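Enquirer: Construct the complete structure from the given sequences, taking the supplied hints into account.
Protein chains: 2
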Amino acid sequence: MDKPKIMLADDHGVLLSGIQLLLSKVDEWEIVGIVSSGEEAVENASLWDPDLILMDISMPGIGGIEATRQIKEKFPHIKILMLTMFSEEDYLKKALKAGASGYVLKKAVDTELISAVRTVLQGETYIYPTMSSFLFKGFTEEKKDKDECPLSAREKEVLKYVALGFTYQEIADELFVSVKTVETHKARISDKLNMKKRSELVRYAVSQGLISINE
Amino acid sequence: MDKPKIMLADDHGVLLSGIQLLLSKVDEWEIVGIVSSGEEAVENASLWDPDLILMDISMPGIGGIEATRQIKEKFPHIKILMLTMFSEEDYLKKALKAGASGYVLKKAVDTELISAVRTVLQGETYIYPTMSSFLFKGFTEEKKDKDECPLSAREKEVLKYVALGFTYQEIADELFVSVKTVETHKARISDKLNMKKRSELVRYAVSQGLISINE
DNA sequence: ATTTTTGTCAGGGAAACCCCTAATGACTCC
DNA sequence: GGAGTCATTAGGGGTTTCCCTGACAAAAAT
Numbered sequence: 047m048d049k050p051k052i053m054l055a056d057d058h059g060v061l062l063s064g065i066q067l068l069l070s071k072v073d074e075w076e077i078v079g080i081v082s083s084g085e086e087a088v089e090n091a092s093l094w095d096p097d098l099i100l101m102d103i104s105m106p107g108i109g110g111i112e113a114t115r116q117i118k119e120k121f122p123h124i125k126i127l128m129l130t131m132f133s134e135e136d137y138l139k140k141a142l143k144a145g146a147s148g149y150v151l152k153k154a155v156d157t158e159l160i161s162a163v164r165t166v167l168q169g170e171t172y173i174y175p176t177m178s179s180f181l182f183k184g185f186t187e188e189k190k191d192k193d194e195c196p197l198s199a200r201e202k203e204v205l206k207y208v209a210l211g212f213t214y215q216e217i218a219d220e221l222f223v224s225v226k227t228v229e230t231h232k233a234r235i236s237d238k239l240n241m242k243k244r245s246e247l248v249r250y251a252v253s254q255g256l257i258s259i260n261e
Numbered sequence: 047m048d049k050p051k052i053m054l055a056d057d058h059g060v061l062l063s064g065i066q067l068l069l070s071k072v073d074e075w076e077i078v079g080i081v082s083s084g085e086e087a088v089e090n091a092s093l094w095d096p097d098l099i100l101m102d103i104s105m106p107g108i109g110g111i112e113a114t115r116q117i118k119e120k121f122p123h124i125k126i127l128m129l130t131m132f133s134e135e136d137y138l139k140k141a142l143k144a145g146a147s148g149y150v151l152k153k154a155v156d157t158e159l160i161s162a163v164r165t166v167l168q169g170e171t172y173i174y175p176t177m178s179s180f181l182f183k184g185f186t187e188e189k190k191d192k193d194e195c196p197l198s199a200r201e202k203e204v205l206k207y208v209a210l211g212f213t214y215q216e217i218a219d220e221l222f223v224s225v226k227t228v229e230t231h232k233a234r235i236s237d238k239l240n241m242k243k244r245s246e247l248v249r250y251a252v253s254q255g256l257i258s259i260n261e
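These protein sequences, in sequence, are chains W and Z. In this text, residue positions in the first sequence follow this note's numbering: the first is 47, and each later residue adds one. In this text, residue positions in the second sequence follow this note's numbering: the first is 47, and each later residue adds one.
Don't take every hint at face value.
Repeated chains share a single entry, so a pair holds when one copy, or any two copies, can fit it.
[Claimed, not checked] Taking lysine to any residue pairs in the SDA-like style, the calculated list, with each CA pair at most 25 Å apart, reads:
1. Lys120 x Glu158
2. Lys143 x Glu201
3. Lys118 x Ser253
4. Lys152 x Glu201
5. Lys153 x Thr230
6. Lys140 x Val252
7. Lys232 x Leu197
8. Lys206 x Thr227
9. Lys139 x Lys206
10. Lys71 x Glu158
11. Lys120 x Ser198
12. Lys120 x Leu68
13. Lys153 x Glu220
14. Lys232 x Ser133
15. Lys153 x Gly59
16. Lys243 x His123
17. Lys153 x Ile80
18. Lys202 x Thr213
19. Lys51 x Pro196
20. Lys232 x Gln66
21. Lys202 x Ser82
22. Lys120 x Gly255
23. Lys242 x Asp219
24. Lys140 x Ile257
25. Lys152 x Ala233
26. Lys71 x Phe180
27. Lys49 x Gly145
Hint data in this document are derived by calculation from the structure and do not stem from the laboratory. Since the structure is predicted, the reported quantities are computational estimates derived from the model, not experimental observations.
Expert: Right, dumping it as structure tokens:
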């Protein structure tokens with residue numbers, strides 16, 4: 047048979063029992079092992095070769111984040127679902143950077159945890175609904191900054207191209223104006239923001255959401 | 047009393063009845079109105095003054111996205127929860143940009159929808175778990191590209207500063223080398239990548255994760 | 001052992017950039 | 001209706017930066 051294999055990594059005995067019981071109720075997978083520290087998780091990942099590891103963040107020794115990093119380094123095919131009580135933005139980002147495919151809070155209800163496990167096993171990503179708001183700053187908070195931004199629409203347009211590395215000539219061609227116009231805009235921008243170095247302008251443009259990686 | 051007021055905007059009669067029934071079961075809020083087009087939603091938002099609008103995306107006339115934009119423009123305090131069958135990345139991003147506070151798929155189970163409404167009413171954001179993976183591209187997929195990067199460590203370092211808008215002189219001071227050295231590195235980078243325009247280098251640096259908006 | 005890559009530097013000319021000045025239209029404020 | 005502010009558009013002249021062509025030694029690859 048080919049039921050997915052799940053490994054648990056958590057040092058909270060009581061919770062562990064609960065999770066074990068809960069996951070056992072569903073006949074879609076089987077629990078192949080339980081560990082209670084980050085080191086054990088790394089060591090046993092190769093032995094039991096699970097499809098998914100339910101990983102706590104706060105564990106003795108190396109935490110769940112570092113364990114995730116090491117496991118994903120050696121065995122990229124193993125999916126890792128963080129199960130933690132930390133609802134801070136920082137932990138979520140670190141977990142994702144370490145290679146986790148999902149993030150669920152321990153206050154989640156049974157159906158949510160099962161749904162998360164199922165989702166991650168399918169190769170998708172599951173982020174606890176209220177946590178995902180951390181991931182799109184810049185999407186919604188654009189307008190709040192506009193009030194404080196002393197630049198005109200045209201100036202912001204110019205700044206955007208400047209920050210993206212366009213030369214004044216290129217910007218001029220893009221906006222169908224003279225190079226001199228672009229230079230003036232840039233001068234006024236530098237003056238208003240009191241930033242003379244181009245690198246400062248780039249940082250400002252990024253902070254204002256004028257340029258965005260997620261296009 | 048001050049129960050939160052909820053308004054429904056959807057043109058699917060059957061589904062509407064279901065949602066109405068489902069939300070009525072919970073005694074935490076009351077449904078104050080039902081509309082079946084984007085225009086109606088905008089018009090009635092001020093009349094009924096709901097705390098939350100459950101909004102479909104595909105509706106006659108202006109869709110739910112545009113309706114959301116107009117409502118948030120005039121009445122920023124009204125929370126909007128998108129309820130749609132579209133699971134595409136583009137719709138999620140557009141909805142968030144328009145000002146939606148939540149995004150739930152119609153295939154969600156009852157508890158999820160109730161949880162979403164509750165979350166959004168509390169002022170938080172609720173994103174359907176499997177949808178949020180669209181929001182953090184660049185977090186996880188950084189290393190995959192690094193292998194193909196033909197640049198040396200020093201060159202990548204220089205490129206980073208170039209992309210951040212530093213001048214050669216500034217980079218030289220930063221790295222304690224001659225300006226001419228920096229210029230040579232930049233020339234090699236342009237040569238290797240076949241990119242002569244600075245803006246292209248910025249884009250490349252971003253795509254390689256050499257510079258990151260998320261600090 | 002020889003070729004290639006890497007890191008370091010220079011000179012000269014071209015291009016980009018910066019500072020100062022300024023005209024025009026739009027807008028507000030008496 | 002004028003006076004002032006601001007946005008947008010430019011030009012002249014000087015300065016900095018950038019690009020191209022070389023160069024050479026150390027390290028790495030072959």
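Enquirer: Reference check for the pair lysine 120 and serine 198, CA-CA at most 25 Å: within, between, both, or neither?
Expert: Cα proximity of lysine 120 and serine 198: across copies only (23 Å, versus 51 Å in one copy).
Enquirer: Cα distance capped at 25 Å. Does lysine 152 pair with glutamate 201 within a copy, between copies, both, or neither?
Expert: neither (48 Å within a copy, 43 Å between copies)
Enquirer: Evaluate lysine 120 and glycine 255 at a C-alpha cut-off of 25 Å and name the case that applies: within, between, both or neither.
Expert: Between. Shortest inter-copy distance 22 Å satisfies the 25 Å Cα cut-off; intra-copy 37 Å does not.
Enquirer: My question is about lysine 206 and threonine 227: at a cut-off of 25 Å on alpha-carbon distance, are they close within one copy, between copies, both, or neither?
Expert: within (15 Å within a copy, 29 Å between copies)
Enquirer: With identical chains treated as interchangeable, where does the CA-CA distance between lysine 51 and proline 196 reach 25 Å or less: within a copy, between copies, both, or neither?
Expert: Answer is neither: 57 Å inside a copy and 38 Å across each miss the 25 Å cutoff.
Enquirer: One pair to classify: lysine 202 and threonine 213, alpha carbons no more than 25 Å apart. Within, between, both, or neither?
Expert: Both ways: lysine 202 and threonine 213 sit 15 Å apart in one copy and 21 Å across, limit 25 Å.
Enquirer: Check lysine 118 against serine 253 for me: Cα-Cα at most 25 Å, and say if that holds within a copy, between copies, both or neither.
Expert: The answer is between: 22 Å across copies meets 25 Å, while 32 Å in one copy does not.
Enquirer: How would you classify lysine 120 and glutamate 158 at a CA-CA limit of 25 Å: within, between, both, or neither?
Expert: Classified as neither; 29 Å inside a copy, 36 Å across copies.
Enquirer: Indicate which option fits the pair lysine 71, phenylalanine 180 if close means a Cα-Cα distance not exceeding 25 Å: within, between, both or neither.
Expert: neither (33 Å within a copy, 31 Å between copies)
Enquirer: Given identical chains, is lysine 139 near lysine 206, meaning Cα to Cα at most 25 Å, within a copy, between copies, both, or neither?
Expert: between (27 Å within a copy, 21 Å between copies)
Enquirer: Between the shortest in-copy and the shortest cross-copy C-alpha distance, which are at most 25 Å for lysine 242 and aspartate 219: within, between, both, or neither?
Expert: both (24 Å within a copy, 17 Å between copies)
Enquirer: Tell me, please, which holds for lysine 140 and isoleucine 257 at an alpha-carbon limit of 25 Å: within, between, both or neither?
Expert: Classified as both; 24 Å inside a copy, 17 Å across copies.
In this structure, the hints that do not hold are numbers 1, 4, 5, 12, 13, 14, 16, 19, 20, 21, 25 and 26, in rising order.
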